[in-house]
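Line by line, the protein sequences give chains R and D. Residues 1 to 211 in our numbering are what the first sequence lists, from first letter to last. Residues 1001 to 1185 in our numbering are what the second sequence lists, from first letter to last.
It is worth saying that the hints were derived from the structure and are not from the lab. Treat each hint with caution, since some may be false.
[Unchecked claim] Capping the alpha-carbon separation at 27 Å, the derived lysine-lysine pairs in DSSO-like fashion look like this:
# : chain 1 : residue 1 : chain 2 : residue 2
1 : R       : Lys-99    : R       : Lys-53
2 : R       : Lys-53    : D       : Lys-1161
3 : R       : Lys-102   : D       : Lys-1175
[Claimed, not checked] With the C-beta cut set under 10 Å, the calculated list includes, among others, these residues of chain D facing chain R:
#  : residue
4  : Gly-1032
5  : Ile-1033
6  : His-1048
7  : Val-1085
8  : Ile-1092
9  : Pro-1097
10 : Ile-1106
11 : Gly-1147
12 : Ile-1152
13 : Val-1153
14 : Asn-1159
15 : Met-1164
16 : Lys-1176
17 : Lys-1183
18 : Glu-1184
These figures come from a predicted structure and were not determined experimentally. Built from N, CA and C at the ideal position, the CB exists for glycine as well.
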Amino acid sequence: MWSWIITFFSTRRPVKSVAIALAVLCVACAAYVFYIVAVKEAVLKNPHLIIAKVKTIAQYITHSYYDECVVDYTKDGDSKPTFVLVGRGTVYAGFDLQKLDKDPESIVLRGNTLTVRLPEPEIINTVIPPSGFVNFHYGRISEERYTGLKNRAIEKLRLRALEKDILKLCRERGEVMIESFFETVGFDHVSVEFAATNAPTHAPAPGAGVK
Amino acid sequence: MKRTAFFITLLCAFALWGGGCNRCKRSIDIGGIKELSSLATVEYTMTHIVFDDDSTMAGPRKILFEMTASAKAGIDLDAIRDEDVRITETSIEIDLPRPKILFLDIKPDKTEKLYEIIGPLRRPYDAKQKNKLLVKGEHNIAALLAGEQSGIVKVAGENAKQFMQNILSDAYEQKKTVTVRIKEK
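All chains, full assembly: derive it from the sequences and hints.
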């Protein structure tokens, strides 16, 4: 091997030999740097799921709202945003039927009329999974700011759902569906009313609460 | 020359047609309110560890996240048909549809980076790489949850039975025997 290399260089002019040696060295360095910089696929070994809590709930979900939004972060003094994040997700809305247990008058049979008192509808969950976030433009920002941006996207989606009057739609559908359910299980006359609460049922001003 | 112009026009037409279709598909998904009729009866809170180890001869490059997710499971009330309900003078029997996982929620502020070890010659993980790892974690959680071992579907079914039993007993003021079952298929 070495004798072959010595013969190879001795039969050529010194300048040419040095040039070839430098070229080989450059290629080797480039390959090494590429090896360091190259990002490998994430490998997840032995995935496990630890169940931390199991909670009994009774949430009647009547509507889902799919949307996408854009949030950005601009450093003070900069004209262009440092980070632009797109969030795609779903807002779920409906009724927390566990509140029926707390109200003794929630289901009452008077004569042949069943009266059901539903709680006010509410946003149950706003879900943007990690796969729903797309980093459209990204510079260096801290972990906290990145999480803050994601939370802003979630809040923006929730407010948009409220702007679309999702709670009003829930109220209307909840009334129809609960009536229909109790008629299916044998009641001739069903009346649905709503318990008065302080929960907001109207849409906030556009952009309210979102920086 | 004429033939070339014809092919270019044909290509442009195909490109425009394809683009148009994509836009149509998007417009269906975005901003859509969909009607559901799901009764969520159980909420599981889970933790999952995801990590990436990209250490090489040039030094270590590792990151580890703990993700906390919550999943809700329940039944679809819309799937209850008239034939699933049998009423007599003294009893009522109802067959509920099989429960399913309704959605998985992974809150960004419940995802914690526990370790990030980067050697002096290595490049730190950027936001895109971190999110890619979290997406893998999300897929892992969804796959593990769907597996029978987590039991979420079984608990959701038991809770749905209990809830229906209570609500119908209240409605009938304990005058009828209420039997609630979960359909086999």
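Sort out which numbered hints this structure fails and list those numbers smallest first.
9, 13, 17, 18
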